[in-house]
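These protein sequence lines are chains Y, C, G and Z, in that order. Letter by letter, the first sequence follows residues 69 to 581 of our numbering. Letter by letter, the second sequence follows residues 410 to 707 of our numbering. Letter by letter, the third sequence follows residues 52 to 376 of our numbering. Letter by letter, the fourth sequence follows residues 52 to 376 of our numbering.
Hints are computed from structural coordinates only; laboratory data are not their basis. Since this is a predicted model, take the numbers as computed values, not measurements. The C-beta atom is built at its ideal place from N, Cα and C for all residues, glycine as well. A portion of the hints provided could be inaccurate.
Estimated spans, in silico, between C-beta atoms of each pair [claimed, not checked]:
(1) C:Glu560 to Z:Ala218: 44 to 50 Å
(2) G:Gly178 to C:Asp564: 55 to 61 Å
(3) G:Leu154 to Z:Val175: 35 to 41 Å
(4) Y:Asn196 to Z:Tyr366: 37 to 43 Å
Chain residues, written in single-letter form:
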Amino acid sequence: MTGLQEVSQRHEGELEAAVAKGKPILELRGLQKNYGAVQALKPATITFLSGEIHAIVGENGAGKSTLIKLLTGVIPRTAGEVFWQGEPVLLASPNEAIARGINAVHQEVVLCPHLSVAANMFLGDEMNRRGVMRKRAMTNAAQGVLDDLGFNLPADATLGSLTIGQQQLVATARAAMRGTRFLIFDEPTAYLTRQESAQLFRLIRRLQGDGVTIVYISHRLEEVFELADRVSVLRDGTHVGTRHIGETNEAELIALMINRTIEQIYHKEQFALGETIVEARGLSGPGFADISLSVRAGEIVGLYGLIGAGRSEFALGLYGRHRLTAGEVFWQGRKVEIDNERQAMQLGIALAPESRRDQGLCLNLPIGLNINLPVFRRLTRGLTISRADEAANADRQIRDLQIKTPSRRVLASAMSGGNQQKIVIGKWLSHGAKLFIFDEPTVGVDVGTKAEIYRLFARLLEKGAGIILISSYLPEVYELADRLHVFRQGRLVASHDYRAASHEDVLAQAINA
Amino acid sequence: AQDVTVPIIVKDTTSFYWQIVLAGARAAGKDLGVNVPELGAQSESDINGQISILENAVAGAPAAVVIAPTEFKALGKPIDEAAKAVPIIGIDSGADSKAFSSFLTTDNVQGGRIAADGLAAAIKEATGKEEGEVAIITSLPGVGSLDQRREGFLDQVKTKYPGLKVVADKYADGQATTGLNIMTDLITANPNLVGVFASNLIMAQGAGQAIAENKLGDKIKVIGFDSDEKTVGFLKEGVLAGLVVQDPYRMGYDGVKTALAVSKGEKVEANVDTGANLVTKANMVEPKIDALLNPKVN
Amino acid sequence: MSVETVESGAGPTPKRGVSILFGLTLLGLLVVLWLLLGLATSAFWTPNNISNVLRQGAMTAILAVGQTFVIITAGIDLSVGAVVGFTSVIVAWLLAAGVPLWLALVATLAIGVLIGAFHAFGIVRMGLPPFIITLATLTSLRGIGLLITNGSTISITNEAFTSFSRADFLGIPSLFWMVIVVAIPAYVFLHLSRFGRYLFAVGSNSEAARLSGVNVNRTIYLAYILSSTCAAFVGLLLASRIGIGNATQAEGWELQAIASSVIGGTSLFGAVGSVHGPLLGAFILATINNGANLLNVNSFWQRIITGLLIIVIVYFDQLRRRGSR
Amino acid sequence: MSVETVESGAGPTPKRGVSILFGLTLLGLLVVLWLLLGLATSAFWTPNNISNVLRQGAMTAILAVGQTFVIITAGIDLSVGAVVGFTSVIVAWLLAAGVPLWLALVATLAIGVLIGAFHAFGIVRMGLPPFIITLATLTSLRGIGLLITNGSTISITNEAFTSFSRADFLGIPSLFWMVIVVAIPAYVFLHLSRFGRYLFAVGSNSEAARLSGVNVNRTIYLAYILSSTCAAFVGLLLASRIGIGNATQAEGWELQAIASSVIGGTSLFGAVGSVHGPLLGAFILATINNGANLLNVNSFWQRIITGLLIIVIVYFDQLRRRGSR
Ligand SMILES: Nc1ncnc2c1ncn2[C@@H]1O[C@H](COP(=O)(O)OP(=O)(O)OP(=O)(O)O)[C@@H](O)[C@H]1O
Ligand SMILES: Nc1ncnc2c1ncn2[C@@H]1O[C@H](COP(=O)(O)OP(=O)(O)OP(=O)(O)O)[C@@H](O)[C@H]1O
Ligand SMILES: [Mg+2]
Ligand SMILES: [Mg+2]
């Protein structure tokens, strides 16, 4: 017998006795967190019941991740109390939380990129024999867990060589196997496709069956309704209510979250399609082969596929980041060679990359600098940058995208996950490109802003631009793309016009079922 | 043709003084038909480096080895060890070993005393009395020969010139710029300063530059140690009052010559003092001194 | 001002002018040092001594500014001390060979540019770590300089050249003017031009910078060329000051330059730094040495005290920056 | 083996055993050097000379191993050279004061432990950058050592102690045995125990390590204490080898140790490194020096060649590692 059961049993005995199902296991009383003058979490009182799946929803920057970090001992609280199985607890360090069986899969993957998958899964909890690590045993055990969970990942690969989504799966597997009473998922499906999400949901239900209490944070309300028993809503750091899932609906949750209603999230306007902006013929490169597609003015071209299907690689290849090994690119009818990113930008291509942490943001620099980075040339007057234009451009993006920050001078690292994503998008909106490639643009973005971003897409199209939209979230590409291409294992396997195929068909093509 | 090898190991190949020693050795090699590898550590304070070089040199099975030990005690054992395989000739400084076949050295303590005498004389010439505040700048701490010069200087001042008061005893980091900075600060902090001993070439260059910058050659007398074009120029201009000069060229030349003789089994003198002389503006034109100041380096 | 670029902590409240304040507060520490020294020794506040301090800190200050460009890109330039010694030899050699002064100066600076370009080439094209390529040139350049001088020194007889470093202008030493001459364009470059922004972006996340259209390679060339050129410029100043070309001079100045930069708030992990910080760092170090000399502190105690003061100063600076979060 | 820790790039296929291969290939470069030197000079392969090479690389090798622990945590320890000089003074002083040999040795090593703990304290509690706190102790320790010796040296008369470094055992120099004595536990610690893995984890992403329940502070204490203790141990060996205590010895050895480590494949950004790499790096450097001496290369050319060889060796190593991705 290998797998999750076996590994997580290593700790069963050490954990305190569980609370009876349905009784409070963890209670927050007036829990509060300030970052300097920012009140990230205002006094919140929430009770989590043993064995339930408790969803938390709220806008970007509402304080969800802050709440999680407080519960896992990552950051110290400003005020308030936490009761664990009826006892007040400090939760002063991650160790304390881990010792009580509280674990989390954080929103940003926090693992060690230089270590192997297995080493990461066992970090801080290694198997030893007489002081020497049992590396083989750990690798085997980790592989067992990964296989058991249906994650198709090699346990001996270096973590840094995996895609963000795969890393997220590793974090999930790791949290699941650590003998846990209370497990928190902070937007675990942000980078996952349906396929992997379904696996994750099975895992969550299985854990619930084992008596684990689950906290589940997501911006995808349909997931909340599919999974949760109860749901709590945060708005601006305030806990505005908790509902039984059966007693509420999407409209009510959205109203609670953003204090207004949204008629429709997917904003789709049909524009007259113009001339072809870009055409790829038989493009091959690292991670993709023989891709042919074109984008016309006023058109959104969607790329859908599972993790590792090669969509991002294709986008980077088109953008000149990766060397192409075969194929031709035509830009407005003219054959072009794109050898580097600057040439791509000069032609009029903009790329908002997939991983905000690795590719999108200079995290320890201010928001303003990040937003303006692609356009500093345009902001330069003579020798120096025009301070006024610099400020104006940054502030406009912050306003348009509702980035929740007091100022453009705040470091990007102090932003909530969704707000960071908005910076990545904002970088390119003022660029004036003809072709925009958005790779997972709405990862971690709340519904309200999502709708806003889609509206911005429409504005770009209206001005005659074309968009390549890469998303692992099928409803998004499905509802927005004028033409939808399905990728599988680096190849383009199917193409559909707007709403021409069903969700099920597209999914089947992506997984080759 | 040159199958006899006599390596010469100096303390530091990067200073002018040791280049003169090497030039002398080179000339001897040419004259006597001996192959003379020129070896040396990267700095005068690099004792371990010199020991390694000695080990390497002996491994090459030469006829004899000429060495200028960086440190008296530290080089003793390694030289004993090396002398088991080849004859060892010491130059410039001593080492704690009885295994030397011959010794051609300058007494650095004596050099320090000569500097003190020179400084006192220069001060007397300027002010009429052997009185006032003086200072010493040592290039680097922990270097044997510099320690000995300092010791000789301080001892001589204490015993022979009670009127001279040592107000500052500074160590630099081997950099001319630091010598220059220390000297300017000494001038600022001690308005009554009348004399300074800068105990090696680099410090004399730095201190001299400070005197030149502030045009204090008449008021503050500086004695340097060893010479090169720059410091001789200072001496001519009256920026420096004197230089204690050894005979490095001869040490190198005679070192190799003696080594060859020893390797052939000839009898050689066990101890030779190659001497240190005080050079001032007055005596610098004497032929003997002039030869010391202008060695045939190439 | 450079507000956008200096804050390194995760500050939720945006502080306007935090960078200036930071600069000021390090300046505050320097002023405190100066006041204390003024109380302790009457010689300190004499115009002559102030000139000395300005002169003594000048060369490290210029090196530190150049070094800062490199460190901001998350690199390091260990060669600067060797470049100083090497270029002092080159200019002395050229002058001794009868090359006209202006040409000797230009040629020496050009060599600085070449050395920097070589470093960047090694990093960008050959994939070498900055530490290795600059350590290698550190070693080799000293060797080449020693070969040229044959282990000795080359005297410089050009009076115009050697008197420059002694000269004053408007009562301020020419060496300090040179700091200003370097610092002002450096400030404009780093804090006001887009190239400065690119340095920060490359140091923070070079992949993100590249995908944003920043020419990462060119930015790295720029940083290393600036650092080496600053070092070559200091080589000229050193040659002028001590009147000789000597390849073993300026040994260990790379550490002093890096230390000044880090004391001035630069992070060795890149993306954090300024122009005024390293300048203050360099003059703090110069003041400590000058003060110790004036107070006639034993040379050995001087080292101990320098070490302790570095800890104290950086600690307070750290505290303040954490406090301002 | 340390498979997990070496590859840093985004390779899609995981390579098993890359680290061993890497070590072997650097060893290959060393062997090539040795063969070439054997062809060029008959003296190289004499037992005597091989003993010399082993002896000459030994101290740097031990320092480099200690340094590597620190660098893996993304830190740096600039103080090691100063600690070597300082502890050589301490042991000489204790012996001169009549302290029994064993006690003097233990006390000296204990001082190494204290120095390392102080560094970690500065980093962990005072929030100082590793560069600053170790630079400060570098400066101060030299000062304290000079104070103790009064700027001079302390002779060691204990015959047993000073003859140790010259002794052989099974035909291999005792100094090289000391490398083995350090390297084997170091290997077990770094590559086989979980503490070694924590060093990598802290260097890779200290936040992730903390969230996993790794005691990050303790790990940093461990790294710096190990580095300083290795340095104190080298101080003992140096004192034994040169028979004196002298505070200014081992100047610049920190750079040599770091260089050996980096040549051996350690990344200054942390989380990449091994025990065998730095050892090979140190012996490559020792071989270059030894070979240059045997070949009677002019000492200035020797520097130039050393610089070039460092570039060539690291370049090839880099190429190979890129190729093996
Ligand atoms: N390290 C930090 N320093 C300062 N402010 C912070 C920091 N981390 C978060 N904040 C602020 O706290 C608030 C809450 O952030 P939090 O990450 O909890 O939001 P969230 O609800 O998880 O949002 P998202 O859905 O975007 O992930 C935000 O305004 C954010 O800017
Ligand atoms: N440099 C590279 N060389 C070769 N193959 C690579 C390289 N980088 C990634 N790959 C592989 O190419 C495949 C495609 O990855 P990519 O990130 O493009 O997928 P994707 O469709 O964008 O998926 P997602 O973004 O959802 O993870 C993956 O199997 C990946 O491991
Ligand atoms: Mg969040
Ligand atoms: Mg992708």
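Evaluated hints:
1. The hinted window of 44 to 50 Å between Glu560 of chain C and Ala218 of chain Z is violated, with their beta carbons roughly 34 Å apart.
2. At about 59 Å, the CB distance of Gly178 of chain G to Asp564 of chain C agrees with the hint of 55 to 61 Å.
3. Between Leu154 of chain G and Val175 of chain Z the CB atoms are about 54 Å apart, so this pair departs from the stated range of 35 to 41 Å.
4. Checked against the given bound of 37 to 43 Å, the beta carbons of Asn196 of chain Y and Tyr366 of chain Z, roughly 40 Å apart, stay inside it.
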